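Undergrad: Sequence:
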Amino acid sequence: MGLGMKDSTTYAYWGAVISFFSGLSINEWASLIGIGLGVATFLVNWYFKNEELKLKRKQQNDNDEEGD
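Going by this note's numbering, the sequence shown opens with residue 1083, and the numbers climb by one from there.
Hints in this document: simulated from the structure, not taken from any laboratory.
A portion of the hints provided could be inaccurate.
Said to hold, decoys possible - Label-pair restraints from in silico Cβ distances: (1) Asn1143 <-> Trp1096: 47 to 55 Å; (2) Tyr1129 <-> Thr1091: 33 to 41 Å; (3) Trp1096 <-> Glu1147: 50 to 58 Å; (4) Gly1105 <-> Lys1136: 38 to 46 Å; (5) Trp1096 <-> Asn1132: 34 to 42 Å; (6) Glu1148 <-> Ala1122: 36 to 44 Å.
A quick note: this is a predicted structure, and the numbers were derived from the prediction, not measured.
For each residue, glycine too, the CB sits at the ideal point set by N, CA and C.
Working from the sequences, and respecting the hints, build out all of it.
TA: Okay, structure coming up:
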């Protein structure tokens, strides 16, 4: 049973990705990790700020309804 065209293409792409990352120096790895952590920090902060704003809006709406 041989490899189909889809399988061989998938393996070729994975081979290219692995060879790219294996050729990186320590400084390049540090840069990529720093960029990844920066993006992750942004997304976590955005998520929690968004949740905080939802709670504040809900509290404001609850206070407005009580005042009527």
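Undergrad: Now look at each hint and say whether the structure bears it out.
TA: Checked hints:
Distance hint check for asparagine 1143 and tryptophan 1096: the Cβ-Cβ separation is about 51 Å, which falls inside the suggested range of 47 to 55 Å. Under the hint 33 to 41 Å, the C-beta atoms of tyrosine 1129 and threonine 1091, about 36 Å apart, fit the expected range. Hint check: tryptophan 1096 to glutamate 1147, Cβ distance near 56 Å, so the stated range 50 to 58 Å holds. Between glycine 1105 and lysine 1136 the CB atoms are about 45 Å apart, so this pair conforms to the stated range of 38 to 46 Å.
Roughly 35 Å separates the CB atoms of tryptophan 1096 and asparagine 1132, a value that falls within the hinted 34 to 42 Å. Judged by the Cβ atoms, the range 36 to 44 Å given for glutamate 1148 and alanine 1122 holds: they are separated by roughly 39 Å.
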